[in-house]
Amino acid sequence: MRTRSAALVTMAAVAGAALAWGGFAPIHTASRNEVFVIPQGTWARRMSGDKVEILPDHIRLTLGLRDILVLRNRDEVPQIFGPTLMMPGQSFSLPFAQASEYQFQCTAHASGQMTIVVEPYPASPWARIRWRARELLSELHQPAGTS
Amino acid sequence: MSASRFAVATLSLMTAVAAGAAAAPAFKAGLFDPPRQAPDFSLQGTDGHELRMSHYRGKVVLLAFGYSSCTAVCPVTLATLAAARRELGPAAADVQVLYVTVDPERDVPARLRAFLHNFDASFVGGTGTAQQLAGVRKDYGISAQKLVTRDGYAYSHSSFTYLIDRGGRIRALMPYGHSPGDYVNDLRILLQE
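Here the protein sequences come in this chain order: C and E. In terms of our numbering, the first sequence opens at residue 1 and continues consecutively. In terms of our numbering, the second sequence opens at residue 148 and continues consecutively.
Derived from the structure by calculation, the hints contain no laboratory data. Ideal placement from N, C-alpha and C gives every residue a C-beta, glycine not left out. Treat the hints with care, since some could be wrong.
Under the rule of at most 30 angstroms between Cα atoms (straight-line distance), these lysine-lysine pairs were calculated in the DSBU-like manner [to be verified]:
1. E:LYS175 to E:LYS206
2. E:LYS293 to C:LYS51
3. E:LYS175 to E:LYS285
4. C:LYS51 to E:LYS285
5. E:LYS206 to E:LYS285
From the derived model, a few chain E residues whose C-beta atoms are all more than 10 angstroms from chain C [unchecked claim]:
6. ALA173
7. ASP180
8. SER216
9. VAL223
10. PRO237
11. VAL255
12. SER269
13. GLY288
14. ASP312
15. GLY324
16. ILE336
17. GLN339
One side only, chain C facing chain E, incomplete, derived with CB under 7 angstroms [as the list claims (entries may be wrong)]:
18. LEU19
19. ASN33
20. PHE36
21. GLN40
22. HIS58
23. MET87
24. GLN105
25. LEU136
26. LEU137
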């Protein structure tokens, strides 16, 4: 009985410490870039009937942490990528300075639109916990072709 | 050189480098790397001359696409560009706004000129045949979709503005909705190059 109580107390302490760290420790990101890459051979794959999705319909960015959308065309042909035409080997870096929802026309999507949600910097402890939790989930479900 | 002089010189150099790094200008628009040469085109200009992109080498060009019957996007964009030019003052003489129509049916030169002059008399518009304009849009990655409305038709079109440097290279793309101040920031960077 005492062993079980001690285990519960330990688990609660660990959870509390994790929450305290998640809420109060400053957030550091290695880069403010959210990068999407059109890999080499994408056009050829599309021509052969392969449905290649690279840019999601919705992209979520956070001011001060990850607020620069970077698109890279590594394919051999020009591509309409997000809002713009990109030549082979070209990159496009779009910084965001205001939290808002941005709609871009994007012919790469079936809907013809791409939405970028830019959220404010997570200033409160709860916002920091949510941001970290989302980052963790995003890392776990990272699709191939993005980095 | 004495040790103290060397230390002072080194410190000064480091301070200058740090100040330079801190003052490195940052664009508000999205940047292309590497920038590509803006494709040339030949259209009918609203100033009575042939409109060619290559004629504007030496100037910084703001290139936008739209149509004079646009009620949502184009008036905002053109008013923003006009405000940016006013804010630039005399330096605006080296900035040229070009506006290429996506609606050749209605945007004959006189109508397009009158529309543009509501914002700034220096703006130059371009029109041409549907085929010519489609070619220009393809070269610049511009979308324009005709939509039937109760009153006739309208266009859903790309709403961003290209920033083209003095050498005729497409350097940046400013999405719709940015302030005149953001344009002024980027134009000053390009004008100083």
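Each hint, compared with the structure:
1. E:LYS175 to E:LYS206: Since the Cα atoms of LYS175 (chain E) and LYS206 (chain E) sit roughly 20 angstroms apart, the hinted pair holds (cutoff 30 angstroms).
2. E:LYS293 to C:LYS51: Given pair LYS293 (chain E), LYS51 (chain C) holds - Cα atoms ~27 angstroms apart, limit 30 angstroms.
3. E:LYS175 to E:LYS285: 25 angstroms, holds
4. C:LYS51 to E:LYS285: Satisfied, since the Cα-Cα distance of roughly 23 angstroms is no more than 30 angstroms.
5. E:LYS206 to E:LYS285: Distance ~24 angstroms between LYS206 (chain E) and LYS285 (chain E) Cα, so the pair holds.
6. ALA173: Answer for ALA173 (chain E): violated, closest chain C Cβ roughly 8 angstroms.
7. ASP180: Its Cβ does come within 10 angstroms of chain C, the nearest being 5 angstroms, so this is violated.
8. SER216: At about 19 angstroms from chain C, SER216 (chain E) clears the 10 angstroms cut-off, so the statement holds.
9. VAL223: At about 14 angstroms from chain C, VAL223 (chain E) clears the 10 angstroms cut-off, so the statement holds.
10. PRO237: Check passes; 28 angstroms lies beyond 10 angstroms.
11. VAL255: 26 angstroms, holds
12. SER269: About 26 angstroms separates SER269 (chain E) from the closest Cβ of chain C, which puts it past 10 angstroms; holds.
13. GLY288: The claim breaks: GLY288 (chain E) does not keep its Cβ more than 10 angstroms from every Cβ of chain C (closest is about 2 angstroms).
14. ASP312: 16 angstroms, holds
15. GLY324: 8 angstroms, violated
16. ILE336: 14 angstroms, holds
17. GLN339: Label holds. Min Cβ-Cβ 20 angstroms, cutoff 10 angstroms.
18. LEU19: 36 angstroms, violated
19. ASN33: 12 angstroms, violated
20. PHE36: For PHE36 (chain C), the interface hint is violated, since the closest Cβ of chain E sits about 13 angstroms away, which is over 7 angstroms.
21. GLN40: It is violated, given that the least Cβ distance between GLN40 (chain C) and chain E is near 18 angstroms, above 7 angstroms.
22. HIS58: Status violated, d = 17 angstroms.
23. MET87: 5 angstroms, holds
24. GLN105: 5 angstroms, holds
25. LEU136: Where the cut-off is 7 angstroms and the nearest Cβ of chain E is about 29 angstroms from LEU136 (chain C), the hint is violated.
26. LEU137: 28 angstroms, violated
When the structure is compared with the earlier hints, violations turn up for hints 6, 7, 13, 15, 18, 19, 20, 21, 22, 25, 26 and for no others.
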